[in-house]
Amino acid sequence: MIDVFIGFFSLLAVIFAVLVLTLRQPMRCALALIAHMCSLAGIYAALGAHVIAMFQILIYVGAVMVFMVYTIMLLDDRDSSFLSPYSAKAAVCLVVGLALAAGLWLAIGHTSAPATAAASAIDPFTFSAFSLAFMKQYWFHFELATVLLLVGVVAAWAAVKEGL
Amino acid sequence: MDRYQFLTILAGLIFSLGLLGVVLRRNLLVVMMCLEIMLNAVVLSFVSFAVRGQTLPGIAMTFFIYVAASCEIALAMAIVVLLVKRRGSLDLGAHQELKG
Amino acid sequence: MIKLTLIPLLPLLGFLINGLMGNRLPRWIVSTIACGLPALSFLITLILFSGLAANGVPLTETLYSWAALGTLNVDVAFYFDQVSAVMCLVVTGVGTLIHIYSAGYMSHDESQPRYFAYLNLFLFFMLMLVLGKNMIVLFAGWEGVGLASYLLIGFWYKDPEKSAAGMKAFIVNRVGDTGFVLAAFLIYFYAHTLDFQAINSYFATANLPVSTMNLIGILLLIGACGKSAQLPLHVWLPDAMAGPTPVSALIHAATMVTAGVYLLSRANGVFLQAPGAMEVVIWGGALTAFLGATMGLTQYNLKKVLAYSTMSQIGYMFMACGLGSFSAGMFHLYTHAFFKACLFLGAGAVLHALHGEEDMRNMGGLYKKMPFTFYTFLAGSLALCGIPPFAGFFSKDEILWSAYASSHGGSQTIWLIATVTAGLTAFYMFRAIIMTFFGTDNVPAKLKHGIHEPPFSMAIVLLILGVSSLMAGFIGLPGVIAEKFGLSSPFFNFLTPVLGHHAIRAGLTEQTELMFMAISIIVACSGIFLSWLFYSRNPGWSAAIKKKAGGIYTAVSQGYYFDAFYENVIVKSMDILSESVLYNIGEKLLNYITIIKAGGSARFGGDLLSRLQTGSVQAYVLYVLAGLALILWWGVTNV
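Protein chains in written order, with our numbering: chain A, 45 to 208; chain B, 138 to 237; chain C, 198 to 836.
The hints are simulated quantities; they were obtained by calculation from the structure and are not laboratory data. Please read these numbers as outputs of a predicted model, since none were measured by experiment. Positions of the beta carbon are idealized from the N, C-alpha and C atoms, including for glycine. Some clues are possibly wrong.
[What the hints assert, rightly or not] DEER-style ranges, computed between Cβ atoms:
1) Glu206(A) x Asn788(C): 56 to 66 Å
2) Val821(C) x Met71(A): 24 to 34 Å
3) Met117(A) x Gly796(C): 50 to 60 Å
4) His185(A) x Leu806(C): 35 to 45 Å
5) Leu806(C) x Ala173(A): 49 to 59 Å
6) His185(A) x Thr811(C): 54 to 64 Å
[Stated by the list, open to error] Partner residues aside, some chain B positions facing chain C, computed with beta carbon under 10 Å:
7) Leu156
8) Val160
9) Leu161
10) Arg162
11) Val168
12) Arg224
Start from the sequences, fold in the hints, and give me the full structure.
As structure tokens, then:
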């Protein structure tokens, strides 16, 4: 059952990724991207990592993509050229991408899963488990992440203010 | 092929599509979006391996990837705005000063 | 501490001092150093010579091992035996005298320090040549004297003709050197050594086929011909008269051109095994002597007459070596050094007085104004013509006798050619004397009042050499006369351990020898008489004969068209070959491949690579990721 969901959502993800590539207007690309991210979230949910699914929607779609949409609206850009003429670059890209994929496959992908500790008592991917672990083990990283975010905000503001 | 192998292939495929987009599209903003696609593919592979091994650190890692992505998008948009103000267009063809 | 090495080293020191610092030193210091150091060498040579004469043991001095390549060990080593002793005495003795002469002759020249530096350099190389124990050291000296000769012939380099003469000398020398080097290769191939003593003893006992020995002999002969200006490599000697006169005296009369004779004597072990090569040497020497004398007849330039005379006399020396009478050749070398130097220096005195006028048609009647010069010149000429009791008589007569009587190839034909040449020698020499010192005064008016006798430094040398031309022959009396008067021939006795005594055919008596002696005296006197007849008494006759001879005269005066042949046939064909043929085929192709193509492909590669830098960031991203993919693949498959 889970596999059906995973298959369905992955198909959607690929279709929307291709749409991002090929749509002309940036706004529509953004919308396709949002849909792509939502389907990824669907995959995470089907896998059982609900935490990540939530975070995907919240952070990626809710923050990052909104920001992008703002920028698109700000830079009122109608046209600009669509795609570079199909050149050797496309072929190289495909080759590179597939090489990376295949490399990943060869490296780690093709061994079967270890015997899962079948349905462990505590589902480690629930919110409560995640939060506990986060506060206990990863609190330092969390703090660093906040510092990073702060720095990011300040930098963004400074860049725009100074005029780069 | 079990689901995790499938997800690995999928991650690779989505990464390639993102790469294709980065290289081929001329609109700066769309390039940024394709960059996000690549990042998403990475997250997907992280998550699939974490679930496969039933471990938490993979999940924590993805959280931090999100944090990084947010910072990145903030700064990137700021830079894009300034760049567009300077050049007057979003076309990447106009920014080819490094040519030759 | 008397060491053999000092003999060549002192002139080298003079070269270094005068060459590096001469321009900053006052002139008298330069000439003192330049003359004093060879004089010191001469003293050392005398000391060593007396030791050698007393105990007959040759000296060897090895400085250091120059090259040790497997079986070939080449040391820088000097060897002082009887032959080297004679050569050293001649070189240092006559050399010192000529240095002293040069102090007077070149005193007004602007580059006097450079001149003395080169002259000392020449002495260094010549002494290295003469003292060399193996072929390599000799060859180093050989090349070095060629270099010094080039530098000194083209001393007044601002005149392009003079530089061209210097280059001609050097290039023709080099042609001869090819023969020398090939001979060295062959000798090493058989004897596995290049040491002269070892070579001579090896070839005496090894029974190599005669054709091989002949080949080696002829190759050595070619080398000697180049250095000694024998046919066919004689073309540089007349042009070499472009250098200062003392240079002509030292290098092209007394010492360098005799290096070929020295080489033949040193390698006598090789030649005695090669009768065919000896034949070639004999005929080559005889022909050179004869042709040189005929060419000397037709020259109007005083120095050129002496140059052809040198060529002719060295032909005599070669002839003697070919006949197996090496010691006779050395004796003639020794006396020739004195009287030829005397003649050249006398000519130099005349030139000095006439401010460089060399054409004899513009001279005449100088006897009254320069009597001292005339008398020394006369002494030298009489020696050259072979009039007893002058030195040249004894040495030339020894050669003529060997030409007839030697068991290694003497015959009547050779003797006849040699005797006719002697007559011609007397003829042209006195022609030169008459045209220069007697006859109508053709000196151009502006030069007339400046004629004076040479200064003291030049005059003393002329005196010494003139006296030597008279006295030097008495140490080499022919056997016949020596026995009659109860004297000995110290010169030949001295050289016997090395060069042996010349073998005479059986059946010839003392009477024959005395008769031949008388014939040669008569021939010389008749030559003198004829020249007096043609040039002093009836000058019209010589002009008439010249007109009648017509084409022959032109051919002879043009040097039998040797120069023309070399110029138009050999040099031109080389030019055509290199400019038309090789240039179009070889050089253009090579240019294309190595320069145009190489540069073009580098540029092409550069263009290709520069296309990577498109300036678009997207492409760069692609490159980064492509590299990443490669690394990933490598890691996956190899780790």
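The hints, checked one at a time:
no.: 1; hint: Glu206(A) x Asn788(C): 56 to 66 Å; in the structure: 59 Å, holds
no.: 2; hint: Val821(C) x Met71(A): 24 to 34 Å; in the structure: 29 Å, holds
no.: 3; hint: Met117(A) x Gly796(C): 50 to 60 Å; in the structure: 56 Å, holds
no.: 4; hint: His185(A) x Leu806(C): 35 to 45 Å; in the structure: 44 Å, holds
no.: 5; hint: Leu806(C) x Ala173(A): 49 to 59 Å; in the structure: 55 Å, holds
no.: 6; hint: His185(A) x Thr811(C): 54 to 64 Å; in the structure: 40 Å, violated
no.: 7; hint: Leu156; in the structure: 6 Å, holds
no.: 8; hint: Val160; in the structure: 5 Å, holds
no.: 9; hint: Leu161; in the structure: 8 Å, holds
no.: 10; hint: Arg162; in the structure: 8 Å, holds
no.: 11; hint: Val168; in the structure: 7 Å, holds
no.: 12; hint: Arg224; in the structure: 13 Å, violated
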